[in-house]
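Engineer: Whenever a hint applies, use it, and build me the whole structure from the sequences.
Protein chains in written order, with the working numbering: chain W, 1114 to 1499; chain C, 1114 to 1499; chain Y, 1114 to 1499; chain G, 1114 to 1499.
Heads up, some of the hints might be wrong.
It does not matter which identical chain is meant; a pair holds if it fits inside one copy or across any two.
In silico DSS-like pairs for lysine-lysine, Cα to Cα no more than 25 angstroms straight-line [to be verified]:
1) Lys1439 - Lys1393
2) Lys1497 - Lys1439
3) Lys1191 - Lys1148
Don't read these hints as lab results, they were simulated from the structure. Since the model is a prediction, treat every value here as computed from it, not as a measurement.
Protein chains: 4
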Amino acid sequence: MLRYLTGGESHGPSLTAILDGIPAGLAVTAAYIDKQLTRRQGGYGRGGRMKIERDRVAVASGVRGGYTTGSPVTLVVKNLDWADWSRVMDPEPGAAVDERVVTRPRPGHADLAGACKYGHRDMRNVLERSSARETAARVAAGTVARRLLEELGITIAGVVTRIGTVQADVEFADAAALIKAVDGSPVYCPDPAGAGKMMEEIDRAGVEGDSLGGVFTVVVYGLPPGLGSYAQRDRTLDGRLAGALMSIQAIKGVEIGAGFAAASSRGSALHDEIFYSAAKGFYRQTNNAGGIEGGMSNGAPLLLRAAMKPIPTLYKPLRSVDMADKEPYAASVERSDVCAVPAACVVGEAVTAWELAGAVMEKFGGDTMRELSDRYQEYFQYLKGL
Amino acid sequence: MLRYLTGGESHGPSLTAILDGIPAGLAVTAAYIDKQLTRRQGGYGRGGRMKIERDRVAVASGVRGGYTTGSPVTLVVKNLDWADWSRVMDPEPGAAVDERVVTRPRPGHADLAGACKYGHRDMRNVLERSSARETAARVAAGTVARRLLEELGITIAGVVTRIGTVQADVEFADAAALIKAVDGSPVYCPDPAGAGKMMEEIDRAGVEGDSLGGVFTVVVYGLPPGLGSYAQRDRTLDGRLAGALMSIQAIKGVEIGAGFAAASSRGSALHDEIFYSAAKGFYRQTNNAGGIEGGMSNGAPLLLRAAMKPIPTLYKPLRSVDMADKEPYAASVERSDVCAVPAACVVGEAVTAWELAGAVMEKFGGDTMRELSDRYQEYFQYLKGL
Amino acid sequence: MLRYLTGGESHGPSLTAILDGIPAGLAVTAAYIDKQLTRRQGGYGRGGRMKIERDRVAVASGVRGGYTTGSPVTLVVKNLDWADWSRVMDPEPGAAVDERVVTRPRPGHADLAGACKYGHRDMRNVLERSSARETAARVAAGTVARRLLEELGITIAGVVTRIGTVQADVEFADAAALIKAVDGSPVYCPDPAGAGKMMEEIDRAGVEGDSLGGVFTVVVYGLPPGLGSYAQRDRTLDGRLAGALMSIQAIKGVEIGAGFAAASSRGSALHDEIFYSAAKGFYRQTNNAGGIEGGMSNGAPLLLRAAMKPIPTLYKPLRSVDMADKEPYAASVERSDVCAVPAACVVGEAVTAWELAGAVMEKFGGDTMRELSDRYQEYFQYLKGL
Amino acid sequence: MLRYLTGGESHGPSLTAILDGIPAGLAVTAAYIDKQLTRRQGGYGRGGRMKIERDRVAVASGVRGGYTTGSPVTLVVKNLDWADWSRVMDPEPGAAVDERVVTRPRPGHADLAGACKYGHRDMRNVLERSSARETAARVAAGTVARRLLEELGITIAGVVTRIGTVQADVEFADAAALIKAVDGSPVYCPDPAGAGKMMEEIDRAGVEGDSLGGVFTVVVYGLPPGLGSYAQRDRTLDGRLAGALMSIQAIKGVEIGAGFAAASSRGSALHDEIFYSAAKGFYRQTNNAGGIEGGMSNGAPLLLRAAMKPIPTLYKPLRSVDMADKEPYAASVERSDVCAVPAACVVGEAVTAWELAGAVMEKFGGDTMRELSDRYQEYFQYLKGL
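Structural biologist: Dropping the structure here:
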């Protein structure tokens, strides 16, 4: 059973994740994880902070000499500005808690509901954790899962397919080409024309002091049929993936395959017919199911889409009310990101990787990568023999 | 901690659910649950079977004299055609397993992936469980949760807002009016004009041997702010609700509030500004967040939407391949539903109720309804004092 | 992941268990489960009720033609006296809840604490569930796990090693001989002399209107090393087994291997030295560890002991207080068991089987028995090669 | 829902715990946790290492200005000799993994089974995590739970009641006196005569190159009735506590109340009769149940006992076999602890605290200490009114 917990605040000393259940013998390095942390911090449309910070993971347990040992893996991402915040965020009684106090809840954030829930007058105690900064830990954790999947020949690609009103035109057939094109794009969009328009829209919104959302697509290649299960509702692969994606900050919609478009289609036009050839075994010519039927992977690439709302911290003032004196005020900031869809896409890849690795471990078990890998191959052999 | 498991096949003796963690002292009757079971079986566009069967729940534990006792609640929904199937579905070695064998996987179903996963040559062993018949148990379980929420003043309404190409025009402001209008509609749609067009589209698709999907919306009124949490990803309310909705058979998309439309909006236009009056406390004039900010309820009505694909069992043949001899064939049926969106909507209400009751129990605890209710009122008092 | 929930009251219609995660293709019949249910109802020292009742399981899902399908397994054990109790225990508002009311908490039972916790004035609402009758469902569930282990060559034996002041002299080396001797003993004790004295002690206590406890030992043969884990505290095999055994009604102590005697031993005398031969691989000549080192099975037989307190329902009056009027009274019964240690032993075997099957599934995964069995054999091959 | 994970190796950089579900507003400082860490490192009978090291916790998240915030609490205990080990334990590929290699499994340790399970040739990869060093993280985590309980008036005391053949004579009636006496004893034993003999036995064993085990007792004062539940087996308080205690390294037996002695008692002599007075409410004059009946706390002090085996690392050689060449050898060490029962006692207190806090949070819920505390008081009020 794969599981993890994370802890850490935006301006605390660090973000930490403890991963339990990773098999022994998985090759993983800090550099491999850092690559994804860097991608999470990148993307056209970010404000100043991202350029200062450079997240680096430190592995504090569970990995030795480049390989996991089967013991829990502890990952630590330091906050590089901790020195500036240590007085205010100090865990000890002497902390300067009367500085940098936040009494004005920002629309679109956890501030107001979090203050109600946890009884805080200073919403700093909310926003420090509810901030998307936390996703650095999720990306670190998910990247270990991604490494595990990679070892089995499973490839995850994340693509920004929409920013604001600009919809890109993306072809998902060729994984390698797709990933290369994404890597070359400042907005993680493999369609150069679309990417250009996206950046223009970001620039325009930035000038106007506004922010933008968008849509990213996570594609997974190389999955066998039979991950997840219809047997119990909380074991369905689509349920788990949708839950993981929707749990990312600012995500308001999730689709699998045809998604909402499926609702408008006729059954005769939508379902992916089944074919067979000796070379390919059972296969499909379409993928409206997005790789999931009956709560299980069906052997086709997974196609997941998530809609991100625009960043709620913006220059243009939003009306709100001070919790202390109930006076209205105009919430605005002096520096912010315009668009964080590329970053969210990286988080989406990471949480997808984690859920898939969990489904893999449930089906294949194994305390070592050798066991896992052998069993995985045996399953493919068995499938060929069907 | 609220949890439940279900068991049962489409043509087995019964569907069963065991619910653990329901507080003592909750008034609940079989008739209350049956009302939702009946709604699940209704809705314009269903084929013959639904008309024969009339699901009735039997409470086999955990309720006495009309009140829960704090012990696990066992709910049993008998399959009324068990007598016809008992030979074929018999758990004992003598079962007639060579009858009603299914070797032809239906596109859009769990059949093929399930056969691979569980090693079945007879896909009856898959479809008996993967069928949406299982949702009768989920509706029964979720209805106990709905009863609990009702006791706290929380109301859940489900509305069919689209069938095929017909989009209804629905106003969510007035819960009572909405529910009444839904109850009066054969397609669970409160917009009479829309409902009429939906039924025409269903009739047309029926004549053409085709099937339709659609969209339903679940609205929840009366929630306090602070259910769910941003503290850990798997405690976010949006993550849990999305996971629960996507785990329903045939659901391919989930939205909260503005959903995918949020991706195209400007931040300045989307976020729900915060206001305050002595009478109302903090409030919003818009609800693009759909009642969830920062992974928590924010006090506004919850707005959840789910997209259902068309039923994959249809008269019009879909191409597939026989698993036994690898020969292609045309999958078609002689009788089927044309559209099950109204039924799915009832399931959506039920799973929403369950997740919300879970979030309520985490925040308020309590082994008795009296405790729960007192604490709930105290929280509202506290909120008023903020 | 293996899990199950049970529901059901002593005098309700039935006890139900839903098991999730059992692989497909496991051969299991009602008769196989019934054998354990019968053993649970047997044993020298039981009062009248056990002789009337004859528990029989009905499999309501997840098994077809004698084999599991991979879907949840629902097991139902009917209460044969339901007809006598249906008026009083009726779930509906009309139940005769003013009959058979219990306001007098019995020492040694859940009655008083349960009434406080769940807010009941009628402690029938507590005792109906807290009763050891519930273990019929646990035995049913655990027996499916036992079947799975059996398929892998793992054998579980339960032995009553003490009743009251009588300690039996038992030799655990030969599993088959042990089980045969247990099966032939009315007190499930393979030592004929000891068994004779136990029955005398039971007779004596019965005459005196008293009750007896005792100790049972569960032995498990054929486990490989490496089940459970030291990696995280809640994955330790000893922790899980101790938790499962202590959760059985009336159990007050659990030991593994030397148990409390280990506390008085010198390290040089206690630890099981390690030897190697080409034929046996690594082996031990002693088993003070009881088959568990470092939270994992170590390849030696598992030796678990549990201490059961005497049945608290007895003829000899125990002093208590009526909850309604706070008047003292003498709690006594007219008919009761004198000793239920043999029954508890069967429950102990069942919960041990369940925990072990869970540890097996975590290490080996698998949706089918074929997969599980293949992987299990491969692990033994690998161990031989070390 | 309270939960935590830990990571970290004996000679890695640090041990880490992430705690999820601690309510906001709990006063907690590093010094409060350090006190327990120091106690864990103390106790007569420890070898050299304990004297060098001084564990100190660093709080890396979830606490600000001396109060929890409701966000996950991250606790880090650095290993002070990390500099000496960083080359050998380095997570990166360049680690000196060919140094300090362990190929000789020590009897009584996880070494051999762990090597089998996780496929390690170098058992350092096992012992680094399976070592009781890990309990520093458990103590840190459990101490936060202890703080929470303390706030509610619940007191936990741990007492060493046996070392080797020396049984102390301990009176548990007066919590404050007990704790004071324990604090003043080098072996955490409040009986001065017994403590003296324990130290003599430790000295003797030390001279002889041997090691000792023992028994500790954890007592909990101030619990209300009704924590835990009989409703489902895995919610029983005794089951959870036994599981937690048995999961501690080297624990081989657990008793609650009379424990194994209950097995030899007559029912009429064992069960705690129930009395009532207006001043005290319901009460008992005996506590053979150890504070738990029917899987719930019953309002009497909790009495838990755990048996620890002697430390398996000792000067006197134990026979084992080298895994690499299968040659026998005599396992011995040059420096080791003679007895770690006092340390284990502190771990026992910590894991008890954690389980109890979990049971409290399930019954009372609450996101803030204010809510929790109010509800807790209300429950006591309600109990008084019974």
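Engineer: Can you name, in rising order, the numbers of the hints this structure does not satisfy?
Structural biologist: Those not satisfied: there are none.
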